[in-house]
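Colleague: What the sequence shown shows, in my numbering, is residues 1 to 305, in sequence order.
Don't read these hints as lab results, they were simulated from the structure.
All the given hints hold, so there is nothing to weed out.
Each pair of labels, with its calculated beta carbon distance range:
no. : residue 1 : residue 2 : range
1   : M1        : A37       : 22 to 28 Å
2   : D76       : R274      : 49 to 55 Å
3   : R247      : P193      : 18 to 24 Å
4   : G77       : R233      : 48 to 54 Å
From the three backbone atoms N, C-alpha and C, an ideal C-beta is built for every residue, glycine too.
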Amino acid sequence: MSRVAYLTHADCAQHDVGPWHPESPRRLQAVDAALRAAPWFGELLEIVPPHATPEQLARAHAQAHIDGVRDAVPQDGVAWLDPDTGLNPHSWQAALAAAGAAVRAVDAVTAGEAQRAFCNVRPPGHHAEAGRAMGFCLFNNVAVGIHHALAVHGLARVALVDFDVHHGNGSEDIFRDEPRVLLLSSFRHPFYPYSGAQPHAGFVPVPLPAGADGSLFRAAVARDVLPALDAFRPELVFVSAGFDAHRDDPLGGLNLVEDDYAWITRALCALADRHAQGRLVSVLEGGYDLGALGRSAVAHVEMMR
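Start from the sequences and build out the full structure, keeping to the hints where you can.
Modeller: Put into C-alpha coordinates, the structure is as follows:
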(Lines of atoms letter the chains of each structure in order from A; the text may use other names.)
(Lines give C-alpha, C1' and ligand atoms only; values in the text may rest on other atoms or scores of the structure.)
Protein backbone atom coordinates (compact mmCIF):
# COMPACT_ATOMS: atom_id res chain seq x y z
CA MET A 1 0.00 0.00 0.00
CA SER A 2 1.28 3.46 -0.86
CA ARG A 3 1.35 5.77 2.10
CA VAL A 4 -0.04 8.82 0.21
CA ALA A 5 -2.10 9.16 -2.96
CA TYR A 6 -1.82 12.28 -5.11
CA LEU A 7 -4.87 13.21 -7.17
CA THR A 8 -5.07 15.93 -9.79
CA HIS A 9 -6.78 16.37 -13.16
CA ALA A 10 -5.85 18.35 -16.26
CA ASP A 11 -9.43 19.65 -16.52
CA CYS A 12 -8.91 21.65 -13.32
CA ALA A 13 -6.40 23.86 -15.14
CA GLN A 14 -8.92 24.81 -17.83
CA HIS A 15 -11.13 26.84 -15.47
CA ASP A 16 -9.85 30.39 -16.07
CA VAL A 17 -11.84 33.58 -15.60
CA GLY A 18 -9.04 36.02 -16.37
CA PRO A 19 -5.33 36.63 -15.71
CA TRP A 20 -6.15 39.20 -13.03
CA HIS A 21 -8.16 36.75 -10.91
CA PRO A 22 -6.23 35.34 -7.90
CA GLU A 23 -7.84 31.90 -8.25
CA SER A 24 -6.00 31.01 -11.44
CA PRO A 25 -4.66 27.86 -13.13
CA ARG A 26 -1.19 28.93 -12.00
CA ARG A 27 -2.14 27.80 -8.48
CA LEU A 28 -2.61 24.20 -9.61
CA GLN A 29 0.66 24.32 -11.55
CA ALA A 30 2.59 25.82 -8.62
CA VAL A 31 1.50 23.03 -6.28
CA ASP A 32 2.17 20.32 -8.86
CA ALA A 33 5.64 21.64 -9.70
CA ALA A 34 6.63 22.00 -6.05
CA LEU A 35 5.47 18.49 -5.19
CA ARG A 36 7.18 16.93 -8.20
CA ALA A 37 10.43 18.62 -7.19
CA ALA A 38 10.33 16.99 -3.75
CA PRO A 39 12.78 14.07 -3.44
CA TRP A 40 10.05 11.79 -2.13
CA PHE A 41 7.45 12.52 -4.85
CA GLY A 42 8.10 9.16 -6.50
CA GLU A 43 6.73 7.43 -3.40
CA LEU A 44 3.27 8.88 -3.99
CA LEU A 45 0.54 6.95 -5.75
CA GLU A 46 -0.65 9.15 -8.62
CA ILE A 47 -4.34 8.84 -9.44
CA VAL A 48 -6.27 10.64 -12.18
CA PRO A 49 -9.80 10.82 -10.75
CA PRO A 50 -13.04 10.43 -12.69
CA HIS A 51 -15.53 13.26 -12.81
CA ALA A 52 -18.13 13.39 -10.06
CA THR A 53 -21.48 11.94 -11.07
CA PRO A 54 -24.84 13.71 -10.79
CA GLU A 55 -25.75 11.40 -7.90
CA GLN A 56 -22.57 12.26 -6.02
CA LEU A 57 -23.11 16.01 -6.44
CA ALA A 58 -26.76 15.75 -5.39
CA ARG A 59 -25.86 14.33 -1.98
CA ALA A 60 -24.29 17.69 -1.09
CA HIS A 61 -26.12 20.17 -3.31
CA ALA A 62 -29.68 21.09 -4.28
CA GLN A 63 -30.54 19.97 -7.79
CA ALA A 64 -31.48 23.54 -8.69
CA HIS A 65 -27.95 24.65 -7.82
CA ILE A 66 -26.32 21.89 -9.87
CA ASP A 67 -28.53 22.70 -12.86
CA GLY A 68 -27.95 26.42 -12.40
CA VAL A 69 -24.18 26.09 -12.55
CA ARG A 70 -24.34 23.84 -15.59
CA ASP A 71 -26.77 26.11 -17.43
CA ALA A 72 -24.73 29.24 -16.66
CA VAL A 73 -21.58 27.95 -18.38
CA PRO A 74 -20.97 30.23 -21.37
CA GLN A 75 -20.17 29.14 -24.92
CA ASP A 76 -17.28 31.58 -24.86
CA GLY A 77 -15.95 34.31 -22.61
CA VAL A 78 -16.79 34.48 -18.91
CA ALA A 79 -20.16 34.41 -17.13
CA TRP A 80 -20.28 35.72 -13.56
CA LEU A 81 -22.34 34.10 -10.81
CA ASP A 82 -21.27 36.84 -8.39
CA PRO A 83 -18.51 39.48 -8.48
CA ASP A 84 -15.90 36.90 -7.36
CA THR A 85 -17.11 33.69 -8.96
CA GLY A 86 -17.04 33.18 -12.70
CA LEU A 87 -17.40 30.47 -15.30
CA ASN A 88 -15.64 29.92 -18.60
CA PRO A 89 -16.57 27.25 -21.16
CA HIS A 90 -14.45 24.65 -19.30
CA SER A 91 -15.58 25.39 -15.75
CA TRP A 92 -18.22 22.64 -15.58
CA GLN A 93 -15.68 19.95 -16.42
CA ALA A 94 -13.17 21.44 -13.98
CA ALA A 95 -15.72 21.48 -11.17
CA LEU A 96 -16.71 17.87 -11.84
CA ALA A 97 -13.04 16.83 -11.81
CA ALA A 98 -12.39 18.66 -8.52
CA ALA A 99 -15.38 17.07 -6.77
CA GLY A 100 -14.60 13.70 -8.34
CA ALA A 101 -11.10 13.79 -6.86
CA ALA A 102 -12.52 14.00 -3.34
CA VAL A 103 -14.76 11.00 -4.06
CA ARG A 104 -11.94 8.97 -5.56
CA ALA A 105 -9.66 9.84 -2.63
CA VAL A 106 -12.26 8.46 -0.22
CA ASP A 107 -12.39 5.24 -2.23
CA ALA A 108 -8.58 5.01 -2.18
CA VAL A 109 -8.18 5.34 1.58
CA THR A 110 -11.14 3.13 2.46
CA ALA A 111 -10.02 0.37 0.06
CA GLY A 112 -6.45 0.46 1.34
CA GLU A 113 -4.83 1.72 -1.88
CA ALA A 114 -3.28 4.46 0.24
CA GLN A 115 -3.50 5.57 3.83
CA ARG A 116 -3.83 9.26 3.08
CA ALA A 117 -4.58 11.36 -0.01
CA PHE A 118 -4.00 14.90 -1.24
CA CYS A 119 -6.20 16.38 -3.98
CA ASN A 120 -4.55 19.20 -5.94
CA VAL A 121 -7.71 20.52 -7.55
CA ARG A 122 -9.59 23.69 -8.37
CA PRO A 123 -11.96 25.47 -8.37
CA PRO A 124 -11.93 25.33 -4.57
CA GLY A 125 -15.09 24.37 -2.73
CA HIS A 126 -15.55 25.29 0.92
CA HIS A 127 -17.62 28.45 0.31
CA ALA A 128 -20.13 26.62 -1.92
CA GLU A 129 -23.34 26.11 0.06
CA ALA A 130 -26.00 23.50 -0.66
CA GLY A 131 -27.78 25.92 -2.95
CA ARG A 132 -25.27 28.65 -3.83
CA ALA A 133 -21.89 29.15 -5.48
CA MET A 134 -19.73 31.90 -3.98
CA GLY A 135 -16.19 32.90 -3.07
CA PHE A 136 -14.51 31.31 -6.13
CA CYS A 137 -16.31 28.01 -5.33
CA LEU A 138 -18.83 26.17 -7.54
CA PHE A 139 -19.35 22.82 -5.78
CA ASN A 140 -18.20 21.91 -2.28
CA ASN A 141 -15.58 19.30 -3.05
CA VAL A 142 -15.02 18.12 0.51
CA ALA A 143 -18.76 17.89 1.14
CA VAL A 144 -19.23 15.73 -1.95
CA GLY A 145 -16.42 13.47 -0.73
CA ILE A 146 -17.73 13.26 2.82
CA HIS A 147 -21.26 12.45 1.69
CA HIS A 148 -19.78 9.68 -0.47
CA ALA A 149 -18.00 8.30 2.60
CA LEU A 150 -21.25 8.33 4.57
CA ALA A 151 -23.57 6.98 1.86
CA VAL A 152 -21.38 4.47 0.04
CA HIS A 153 -18.84 3.38 2.65
CA GLY A 154 -21.20 3.56 5.62
CA LEU A 155 -18.97 5.61 7.90
CA ALA A 156 -20.62 6.90 11.04
CA ARG A 157 -18.19 9.67 12.08
CA VAL A 158 -16.26 11.92 9.70
CA ALA A 159 -14.33 14.99 10.86
CA LEU A 160 -13.61 17.97 8.61
CA VAL A 161 -10.78 20.30 9.65
CA ASP A 162 -10.65 23.55 7.66
CA PHE A 163 -7.58 25.78 8.16
CA ASP A 164 -8.17 28.13 5.24
CA VAL A 165 -7.93 31.82 6.22
CA HIS A 166 -11.63 32.17 5.35
CA HIS A 167 -14.40 30.40 7.24
CA GLY A 168 -15.81 27.42 5.35
CA ASN A 169 -19.38 28.70 5.38
CA GLY A 170 -20.47 26.30 2.66
CA SER A 171 -19.33 23.29 4.63
CA GLU A 172 -21.07 24.62 7.73
CA ASP A 173 -24.27 25.10 5.72
CA ILE A 174 -24.22 21.62 4.19
CA PHE A 175 -23.43 19.75 7.41
CA ARG A 176 -25.40 21.87 9.90
CA ASP A 177 -27.92 19.10 10.58
CA GLU A 178 -25.65 16.10 9.97
CA PRO A 179 -24.69 14.48 13.30
CA ARG A 180 -22.20 12.14 11.63
CA VAL A 181 -19.95 15.07 10.67
CA LEU A 182 -17.90 17.30 12.96
CA LEU A 183 -16.59 20.52 11.37
CA LEU A 184 -13.68 22.38 12.95
CA SER A 185 -12.71 25.63 11.21
CA SER A 186 -9.90 28.09 11.98
CA PHE A 187 -10.16 31.43 10.18
CA ARG A 188 -9.47 35.13 10.40
CA HIS A 189 -12.39 36.96 12.00
CA PRO A 190 -14.01 39.31 11.18
CA PHE A 191 -13.26 38.62 7.54
CA TYR A 192 -14.97 37.28 4.41
CA PRO A 193 -17.52 35.65 4.43
CA TYR A 194 -18.27 37.34 7.80
CA SER A 195 -19.74 34.24 9.41
CA GLY A 196 -18.81 31.26 11.55
CA ALA A 197 -18.00 32.77 14.93
CA GLN A 198 -20.85 31.02 16.75
CA PRO A 199 -20.38 27.38 17.80
CA HIS A 200 -23.24 24.93 17.58
CA ALA A 201 -23.72 21.18 17.60
CA GLY A 202 -21.26 19.65 15.16
CA PHE A 203 -19.28 22.87 14.64
CA VAL A 204 -16.18 24.11 16.46
CA PRO A 205 -15.10 27.58 15.27
CA VAL A 206 -11.57 28.90 15.87
CA PRO A 207 -11.71 32.62 15.00
CA LEU A 208 -8.32 34.35 14.86
CA PRO A 209 -7.65 38.10 14.87
CA ALA A 210 -5.98 39.82 11.92
CA GLY A 211 -2.22 39.40 12.14
CA ALA A 212 -2.33 36.22 14.22
CA ASP A 213 0.86 34.20 13.91
CA GLY A 214 1.74 30.54 14.24
CA SER A 215 2.00 30.55 18.03
CA LEU A 216 -1.56 31.85 18.39
CA PHE A 217 -2.82 29.45 15.72
CA ARG A 218 -1.14 26.44 17.35
CA ALA A 219 -2.39 27.34 20.80
CA ALA A 220 -5.97 27.70 19.54
CA VAL A 221 -5.84 24.41 17.63
CA ALA A 222 -4.34 22.58 20.62
CA ARG A 223 -7.00 24.03 22.91
CA ASP A 224 -10.14 23.76 20.75
CA VAL A 225 -9.59 21.44 17.79
CA LEU A 226 -7.49 18.47 18.87
CA PRO A 227 -9.43 17.62 22.07
CA ALA A 228 -12.75 17.85 20.19
CA LEU A 229 -11.40 15.53 17.51
CA ASP A 230 -10.20 13.00 20.06
CA ALA A 231 -13.59 13.04 21.77
CA PHE A 232 -15.37 12.56 18.42
CA ARG A 233 -13.16 9.60 17.38
CA PRO A 234 -13.55 10.06 13.61
CA GLU A 235 -13.40 7.09 11.28
CA LEU A 236 -12.05 9.39 8.54
CA VAL A 237 -10.42 12.82 8.72
CA PHE A 238 -11.02 15.31 5.91
CA VAL A 239 -8.98 18.50 5.53
CA SER A 240 -9.94 21.68 3.69
CA ALA A 241 -6.34 22.69 3.03
CA GLY A 242 -6.30 26.39 2.36
CA PHE A 243 -2.83 27.93 2.54
CA ASP A 244 -3.94 31.58 2.39
CA ALA A 245 -3.28 32.14 6.11
CA HIS A 246 0.42 32.22 5.12
CA ARG A 247 2.18 35.48 5.91
CA ASP A 248 3.07 35.99 2.22
CA ASP A 249 -0.51 35.61 0.97
CA PRO A 250 -1.90 38.79 -0.61
CA LEU A 251 -5.50 38.12 0.49
CA GLY A 252 -5.20 36.61 3.96
CA GLY A 253 -3.85 38.91 6.65
CA LEU A 254 -2.57 36.16 8.96
CA ASN A 255 1.06 35.22 9.55
CA LEU A 256 1.41 31.44 9.35
CA VAL A 257 4.46 29.82 7.77
CA GLU A 258 5.21 26.41 6.30
CA ASP A 259 6.17 24.96 9.69
CA ASP A 260 2.70 25.76 11.02
CA TYR A 261 1.09 23.75 8.23
CA ALA A 262 3.53 20.91 8.89
CA TRP A 263 2.64 21.06 12.60
CA ILE A 264 -1.13 20.80 12.15
CA THR A 265 -0.76 18.12 9.47
CA ARG A 266 1.42 16.02 11.76
CA ALA A 267 -1.13 16.41 14.57
CA LEU A 268 -4.04 15.45 12.31
CA CYS A 269 -2.21 12.42 10.94
CA ALA A 270 -1.44 11.25 14.48
CA LEU A 271 -5.11 11.64 15.35
CA ALA A 272 -6.13 9.73 12.23
CA ASP A 273 -3.70 7.00 13.24
CA ARG A 274 -5.36 6.77 16.67
CA HIS A 275 -8.96 6.70 15.55
CA ALA A 276 -9.32 6.27 11.78
CA GLN A 277 -6.81 3.60 10.72
CA GLY A 278 -4.69 6.48 9.49
CA ARG A 279 -7.26 7.54 6.90
CA LEU A 280 -7.01 11.21 5.96
CA VAL A 281 -8.12 13.02 2.79
CA SER A 282 -6.91 16.56 2.12
CA VAL A 283 -8.37 18.80 -0.60
CA LEU A 284 -6.82 22.09 -1.74
CA GLU A 285 -8.80 25.25 -0.99
CA GLY A 286 -7.18 28.73 -1.02
CA GLY A 287 -3.65 30.07 -1.26
CA TYR A 288 -2.76 32.87 -3.65
CA ASP A 289 0.96 33.59 -3.34
CA LEU A 290 2.33 30.96 -5.68
CA GLY A 291 5.65 30.46 -3.89
CA ALA A 292 4.08 30.19 -0.45
CA LEU A 293 1.36 27.94 -1.83
CA GLY A 294 3.84 25.48 -3.34
CA ARG A 295 6.08 25.40 -0.26
CA SER A 296 3.12 25.00 2.10
CA ALA A 297 1.66 22.15 0.06
CA VAL A 298 5.02 20.36 0.15
CA ALA A 299 5.22 20.79 3.93
CA HIS A 300 1.64 19.48 4.24
CA VAL A 301 2.08 16.41 2.05
CA GLU A 302 5.51 15.58 3.48
CA MET A 303 3.95 15.20 6.93
CA MET A 304 1.41 12.72 5.55
CA ARG A 305 4.19 10.31 4.55
